[in-house]
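Protein sequence lines, in the order shown, are assigned to chains A and B. Note that the working numbering has the first sequence beginning at 1, numbered continuously upward. Note that the working numbering has the second sequence beginning at 1, numbered continuously upward.
Please keep in mind that the hints were generated in silico from the structure rather than gathered at the bench. Certain hints may be false.
Covered stretches of chain B, going by a simulated chain A footprint (3 or more residues, C-beta under 8 Å) [what the hints assert, rightly or not]:
hint, stretch
1, 43-57
2, 64-76
3, 104-113
4, 123-133
5, 151-163
6, 168-179
7, 250-257
Take a look, some chain B residues computed to stay more than 12 Å from chain A by CB distance [as the list claims (entries may be wrong)]:
hint, residue
8, F17
9, R27
10, T33
11, D34
12, E39
13, D61
14, V80
15, M95
16, D98
17, K138
18, A142
19, A213
20, K243
21, I244
22, R246
Just so it is clear, CB atoms sit at the ideal spot from N, CA and C, and this is done for glycine as well.
Each chain is listed here by its residues.
2 protein chains.
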Amino acid sequence: MKITLIGAGNLATNLAFALVEAGHELRQIYSRTDASARELAEKTGVEAFTSQIPAINKDSDVYIVSITDKALNEIAPQLVEGRELALWLHTAGSMPMDVFGCRRRGVLYPMQTFSKQKRVSFRAIPIFIETAEAEDLKLVKALAQSLSDSVYELSSQDRPYLHLAAVFCCNFANHCSTLAARLLEKHGIPFNVMLPLIDETTKKLHTLPPLEAQTGPASRGDENVMNKHLQILESEGEQTLSKIYRLMSQSIQQSASAPETK
Amino acid sequence: MKITLIGAGNLATNLAFALVEAGHELRQIYSRTDASARELAEKTGVEAFTSQIPAINKDSDVYIVSITDKALNEIAPQLVEGRELALWLHTAGSMPMDVFGCRRRGVLYPMQTFSKQKRVSFRAIPIFIETAEAEDLKLVKALAQSLSDSVYELSSQDRPYLHLAAVFCCNFANHCSTLAARLLEKHGIPFNVMLPLIDETTKKLHTLPPLEAQTGPASRGDENVMNKHLQILESEGEQTLSKIYRLMSQSIQQSASAPETK
């Protein structure tokens, strides 16, 4: 499959490596700046790169667009122009496939947290796919399966819920660690001592639903501890942490008293 | 070492197994109810159990108290009475060791999320210890090292910060998954699809500081996506989730713009 990749960010970088490793012909990489397009092309051994939309090649089978939602909205029409017969895919969790004005459009959304500094193996990453045309679904499924062992079909209507859930599970959970690291740093305790706890918190979710895995002062209604923690945060001038502590504790107690209906 | 365990909750249960496995003589288990004391004694092969404080044996070397902070405050004097010469330890992250009015007092705080339903290996759990008497420190260190490979000394003054950080890293992070599971359930998407993402979120923390590992719409300033997510939460009547989404996103953006001072 001849593929052109539009984007050179965290996701695009990891995807480029995965595509090359899966044996696809990655013909060209486009990025807003020449420097980032060149950097990714060199790292992945791709020969052509550009930062000019008119210079994007016209003969690929598939164009995969992996850029911010804002940029996708802005440049999708220019990208498609003159390349209307190809299949256009984006990788965004919260954008409809109709952002491409052409007939052959779809989505290939690998749900993972990507950083340029850390390469991840695509094989275990769930990929959620969708196409406008039934005949393209086979193609996208084959492409997704060449990268990952977990491929699911999911509509543009349902995908935003998945993406929103991912923000909670990943982005917000990670931020909890950032806040913890800040507290520890102030008191000279290395963040690394938290890793066994964080590892086990995650491991539990493989055997218990998160509501049952919940522990801590809020879940056992330990007002003494909660008040002490709030006093600490306020005496340290940590207003935002104090607000987060209050809100999360309330929400934990609400969830415990009104468990999900099955 | 002859040990009596006071408590039969999540932490006490896991600790009882670890003590027995490490070859200590666990002489008796006390719990508020006979049923829970019996249950844990039977599971761990301990012969004596009681729910009456006066019936707690008087000849153990060490008494380990693993109950809620509230209960610890309330019953510590009765527990110690008539057993003043023994060494008294509690396992709480946010209580000072002085809750025991006797001379030989200390703390053995295993920092982990414990559930009765899921046994964990103690060897990788960091244990934070403290004693009032210098000569007891050796004893507690030996006891802690018989359970875990990671034993640290930490004062009653610093321990609350560690415990508070653990609430963020573990309890609040887990609650983010509970909220995600609720959203997914409403739309018929199984929570299991989140596991590779959650695993990777945790794995990244072994190689990147949490601030650098941060990804997602808030960290890249993607207002389009954030507004869409807030619309979804509000149209679903999820007021608490909407508040959490706003507050966490603001906090992510604050952290990114004012990184920790080294």
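Exercise. So is B:I244 really clear of chain A, every C-beta pair being over 12 Å apart?
Worked result: violated (6 Å)
Exercise. At a Cβ distance under 8 Å, does chain A reach at least three residues of the stretch 104-113 of chain B?
Worked result: holds (count 3)
Exercise. How does the coverage statement for the stretch 151-163 of chain B fare against chain A, requiring three or more residues with Cβ below 8 Å from a Cβ of that chain?
Worked result: holds (count 7)
For this session: Would you check whether the claim that B:D98 is not at the interface survives, using Cβ distances to chain A and the 12 Å cut-off?
Result: Holds, because the least Cβ-Cβ distance between B:D98 and chain A comes to about 15 Å, which exceeds 12 Å.
Problem set entry | Whether B:T33 stays farther than 12 Å from all C-beta atoms of chain A, as the label says | Label holds. Min Cβ-Cβ 16 Å, cutoff 12 Å.
For this session: Please count how many residues of the stretch 250-257 of chain B have a CB within 8 Å of a CB from chain A and say whether that reaches 3.
Result: Check passed, 5 qualifying residues.
Exercise. According to a criterion of three or more residues whose C-beta lies within less than 8 Å of a C-beta of chain A, is the stretch 43-57 of chain B covered?
Worked result: That given contact is violated, which follows from only 0 residues of the stretch 43-57 of chain B lying within Cβ reach (below 8 Å) of chain A.
For this session: Check the non-interface label on B:E39: least C-beta distance to chain A beyond 12 Å or not.
Result: holds (19 Å)
Exercise. Checking the smallest CB distance to chain A, is B:A213 really beyond 12 Å?
Worked result: Label violated. Min Cβ-Cβ 6 Å, cutoff 12 Å.
Exercise. Is B:R27 truly not at the interface, in the sense that its beta carbon sits beyond 12 Å from all beta carbons of chain A?
Worked result: Holds, since 27 Å exceeds 12 Å.
Problem set entry | Within 8 Å of chain A (C-beta), three or more residues of the stretch 168-179 of chain B | holds (count 12)
Exercise. Is B:M95 truly not at the interface, in the sense that its beta carbon sits beyond 12 Å from all beta carbons of chain A?
Worked result: B:M95 is in fact no farther than 12 Å from some Cβ atom of chain A, at 9 Å.
Of the numbered hints stated above, those contradicted by the structure are hints 1, 15, 19, 20, 21, 22, listed in ascending order.
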